[in-house]
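Visitor: Using the sequences and the hints, build the whole thing.
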Amino acid sequence: MLKPSLNDLIKSSFRSILKNKSRTILTSLGIIIGVTSVILLTSIGNGLKKYVTDQFDSLGANSIYISPGKVFNDNGGFAQGSMATMMMTSFTQKDFLALNRKLKGSVVMPVNAAYADIKSNQALKKQVEINGSIEEYGKNNNLLPSEGNGKWFTKEENDKKTPVVVLGYKIAQTLFPKSSAVGKKVVIKGKTLKVIGVTDQKGASMGGPSVDDTVYAPLTIVQDLSGKEDINAIVVKAPSKDLIESTKKEITDIMLDRYDKDAFSVFDSSQLLSSINSIINMLTIGLTGIAAISLVVGGIGIMNIMLVSVTERTREIGLRKAIGAYPRAILIQFLIEAVILSCIGGATGVLLGYLGTLAIKPFFPAQVTLSSVILAFGVSSLVGIIFGVAPARKASKLSPIEALRYE
Amino acid sequence: MTKSLSQNNSKVVLELKNVTKTYTTGNSQFNALDGVSLKIYQGEFVSITGPSGSGKSTLMHIIGLLDNPTSGEVLLEGNDVSKLKEHQLAQIRNITLGFVFQQFNLLAKTSSLENVLLPLLYSDIPKKSRSQIGIDLLTKVGLQDKLNNTPAQLSGGQQQRVAIARALVNNPKIILADEPTGNLDSKSGEEVMKFFHQLNEQEGRTIVFVTHDMDLAKQACRTIIIKDGKISEERQC
Numbered sequence: 001m002l003k004p005s006l007n008d009l010i011k012s013s014f015r016s017i018l019k020n021k022s023r024t025i026l027t028s029l030g031i032i033i034g035v036t037s038v039i040l041l042t043s044i045g046n047g048l049k050k051y052v053t054d055q056f057d058s059l060g061a062n063s064i065y066i067s068p069g070k071v072f073n074d075n076g077g078f079a080q081g082s083m084a085t086m087m088m089t090s091f092t093q094k095d096f097l098a099l100n101r102k103l104k105g106s107v108v109m110p111v112n113a114a115y116a117d118i119k120s121n122q123a124l125k126k127q128v129e130i131n132g133s134i135e136e137y138g139k140n141n142n143l144l145p146s147e148g149n150g151k152w153f154t155k156e157e158n159d160k161k162t163p164v165v166v167l168g169y170k171i172a173q174t175l176f177p178k179s180s181a182v183g184k185k186v187v188i189k190g191k192t193l194k195v196i197g198v199t200d201q202k203g204a205s206m207g208g209p210s211v212d213d214t215v216y217a218p219l220t221i222v223q224d225l226s227g228k229e230d231i232n233a234i235v236v237k238a239p240s241k242d243l244i245e246s247t248k249k250e251i252t253d254i255m256l257d258r259y260d261k262d263a264f265s266v267f268d269s270s271q272l273l274s275s276i277n278s279i280i281n282m283l284t285i286g287l288t289g290i291a292a293i294s295l296v297v298g299g300i301g302i303m304n305i306m307l308v309s310v311t312e313r314t315r316e317i318g319l320r321k322a323i324g325a326y327p328r329a330i331l332i333q334f335l336i337e338a339v340i341l342s343c344i345g346g347a348t349g350v351l352l353g354y355l356g357t358l359a360i361k362p363f364f365p366a367q368v369t370l371s372s373v374i375l376a377f378g379v380s381s382l383v384g385i386i387f388g389v390a391p392a393r394k395a396s397k398l399s400p401i402e403a404l405r406y407e
Numbered sequence: 001m002t003k004s005l006s007q008n009n010s011k012v013v014l015e016l017k018n019v020t021k022t023y024t025t026g027n028s029q030f031n032a033l034d035g036v037s038l039k040i041y042q043g044e045f046v047s048i049t050g051p052s053g054s055g056k057s058t059l060m061h062i063i064g065l066l067d068n069p070t071s072g073e074v075l076l077e078g079n080d081v082s083k084l085k086e087h088q089l090a091q092i093r094n095i096t097l098g099f100v101f102q103q104f105n106l107l108a109k110t111s112s113l114e115n116v117l118l119p120l121l122y123s124d125i126p127k128k129s130r131s132q133i134g135i136d137l138l139t140k141v142g143l144q145d146k147l148n149n150t151p152a153q154l155s156g157g158q159q160q161r162v163a164i165a166r167a168l169v170n171n172p173k174i175i176l177a178d179e180p181t182g183n184l185d186s187k188s189g190e191e192v193m194k195f196f197h198q199l200n201e202q203e204g205r206t207i208v209f210v211t212h213d214m215d216l217a218k219q220a221c222r223t224i225i226i227k228d229g230k231i232s233e234e235r236q237c
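One line per chain: the protein sequences are A and B, in this order.
At position 237 of the first sequence (counting the first as 1) the number is 237 in this note's numbering, and the numbers step up by one without a gap.
At position 58 of the second sequence (counting the first as 1) the number is 58 in this note's numbering, and the numbers step up by one without a gap.
Bear in mind the hints are in silico, worked out from the structure with no lab data behind them.
All values reported here derive from a predicted model rather than from experimental measurement.
Misleading hints may appear alongside valid ones.
[Stated by the list, open to error] Subject to a maximum C-alpha distance of 20 angstroms in a straight line, what follows is the list of computed PhoX-like cross-link-like pairs (lysine-lysine):
1) B/85 x A/3
2) A/11 x B/109
3) A/185 x A/161
4) A/126 x A/189
5) B/85 x A/394
6) B/109 x A/21
7) A/397 x B/83
8) A/202 x A/49
9) A/11 x B/218
10) B/127 x A/3
11) A/3 x A/102
12) A/19 x B/109
13) A/126 x A/139
14) A/228 x A/189
15) A/248 x A/191
16) B/127 x A/11
17) A/104 x A/139
18) A/397 x B/85
19) A/94 x A/161
20) A/249 x A/261
21) B/230 x B/187
22) A/119 x A/185
23) A/104 x A/241
24) B/128 x A/3
[What the hints assert, rightly or not] Between beta-carbon pairs, the in silico distance windows are:
25) A/15 x B/139: 19 to 29 angstroms
26) B/86 x A/361: 31 to 41 angstroms
27) A/8 x B/171: 14 to 24 angstroms
28) B/183 x A/308: 24 to 34 angstroms
29) B/155 x A/361: 54 to 64 angstroms
All C-beta atoms, glycine included, are put in the ideal place defined by N, C-alpha and C.
Guide: This is the structure we're talking about:
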């Protein structure tokens, strides 16, 4: 049986730790910082993943994207130089018509993006993304304005190159801060367009253009604005989730008749999502790993202080041994002290990490997960055990005579 | 004044048989103890004295089971304990010995009561009864109103009395005192010595105390004088 009991040991460890409050805080600081950053980084990573997933969901399910160039490599990651190849080539109206003719049951939507300044009689917004597509694009991407906010453009408006636009929520706010934008005029590249609708607010963005920051116009208008007849990408809405794979195959076959296999890519949002998530995962793991190094540094701090403490308390150890403490009792006592120190650090770190997450939540998607809390706390107690062993062994090996003689 | 004992009809508590302790430094060897044999009887008040470097501290460590002899036997109530392992010796110390040190060796920032109870942490005595044992002992040494005071709040004499209470808490067979008055003014020193005599006479406690002070050593009924690692003289009252 353990003498003294674990209860007594923990009590006496707490007491000796509390005798030196400021030292306890300073000693645990390394662990506190380590755990805080591990929690913060993982919660940012998790929040980011959730944000991306939500964004993809809001873009519409069952969507298949056809883009010029090779986007993915064979391992599912993004191909090298894919951005460059995407910029270099584009599709033509004929590609769209071919797909539209051959794909039964699917909605095929050409997409063209341009960047330009947009101004109203009240304000100017620079370098706005203008997305051009056909009528179906609005419905299939959940972009239709709700009651009272105007309407989406029609097939007729596209065919006739009617100069109309639908503004993203934030664009409308910027350009027309005082009144409703619907019915007003905006000017893009010298061309006057009528605002016929404003999309609903979709939520904060992380810097990149979001739905709220985008302007939508008929494809023909955007082609006019950019002066090109090309199509940047084609989005195909499969009839159902089960048919995504077969539709992708069909698309690939059609496209292979027209292009070389490296000249285009066909992918769906889950593929894109998993690629982005794997990047976020790598980043999170990498950053957390760096943060975890500070846990090790914190552990070394604890070892240092425990070694100092053993030297300082040489007489106490000698006395305890003289009156009957066997070596293992001393070993366990000092080990428990080290573990308590690191657990105090771990708990404080978890708390700070949680508070930190709450603090950045308004600006950045972040989410504390139970697994990261358990992991950080577990690792910090483990660090306490690992780095507590050396000082505790030193204490347990002191000879009672030497210890009592120590001045 | 100290209880006189006929050595023949009293039990031997501790016996040293031809004990040698050798320290090796580099190539040279040094015998701190050189063939020491002695018997300590139950209820005795023994003092060990000698000039510094004579080996009296080493002898005290052997008697206190804090150190193993290089050769020879140490018999505690007839059982040889000279070759036991550290953790076994720790347990025997916990049960049979009470230590009083020159430096008191109380835990700082810890109450008198907790200091007194410290040896019981490592014993089998049930937790419930511990506290009362400590209170009774502190009452006995006249510190019943200082139970919760820390050593820093006590005078030297009071601290040593807490230490004596701690030495008594496990009801030991032998109380070992190492220069117990060395850090005290003469008045407190006298009080402490008086208390040891009381323990010996009224309760029949076996007390072994080590001092370099010849006059103090003479207070004991039996005085063992050590010189160069050997017993040079034994005086009996």
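Visitor: Now tell me, hint by hint, if it's right for this structure.
Guide: Hints versus structure:
no. : hint                              : in the structure
1   : B/85 x A/3                        : 17 angstroms, holds
2   : A/11 x B/109                      : 15 angstroms, holds
3   : A/185 x A/161                     : 16 angstroms, holds
4   : A/126 x A/189                     : 11 angstroms, holds
5   : B/85 x A/394                      : 18 angstroms, holds
6   : B/109 x A/21                      : 13 angstroms, holds
7   : A/397 x B/83                      : 18 angstroms, holds
8   : A/202 x A/49                      : 17 angstroms, holds
9   : A/11 x B/218                      : 45 angstroms, violated
10  : B/127 x A/3                       : 11 angstroms, holds
11  : A/3 x A/102                       : 83 angstroms, violated
12  : A/19 x B/109                      : 8 angstroms, holds
13  : A/126 x A/139                     : 27 angstroms, violated
14  : A/228 x A/189                     : 14 angstroms, holds
15  : A/248 x A/191                     : 38 angstroms, violated
16  : B/127 x A/11                      : 14 angstroms, holds
17  : A/104 x A/139                     : 19 angstroms, holds
18  : A/397 x B/85                      : 13 angstroms, holds
19  : A/94 x A/161                      : 19 angstroms, holds
20  : A/249 x A/261                     : 13 angstroms, holds
21  : B/230 x B/187                     : 33 angstroms, violated
22  : A/119 x A/185                     : 9 angstroms, holds
23  : A/104 x A/241                     : 15 angstroms, holds
24  : B/128 x A/3                       : 15 angstroms, holds
25  : A/15 x B/139: 19 to 29 angstroms  : 25 angstroms, holds
26  : B/86 x A/361: 31 to 41 angstroms  : 57 angstroms, violated
27  : A/8 x B/171: 14 to 24 angstroms   : 20 angstroms, holds
28  : B/183 x A/308: 24 to 34 angstroms : 26 angstroms, holds
29  : B/155 x A/361: 54 to 64 angstroms : 60 angstroms, holds
Hints 9, 11, 13, 15, 21 and 26 from the list above are not met by this structure, while the remaining hints are.
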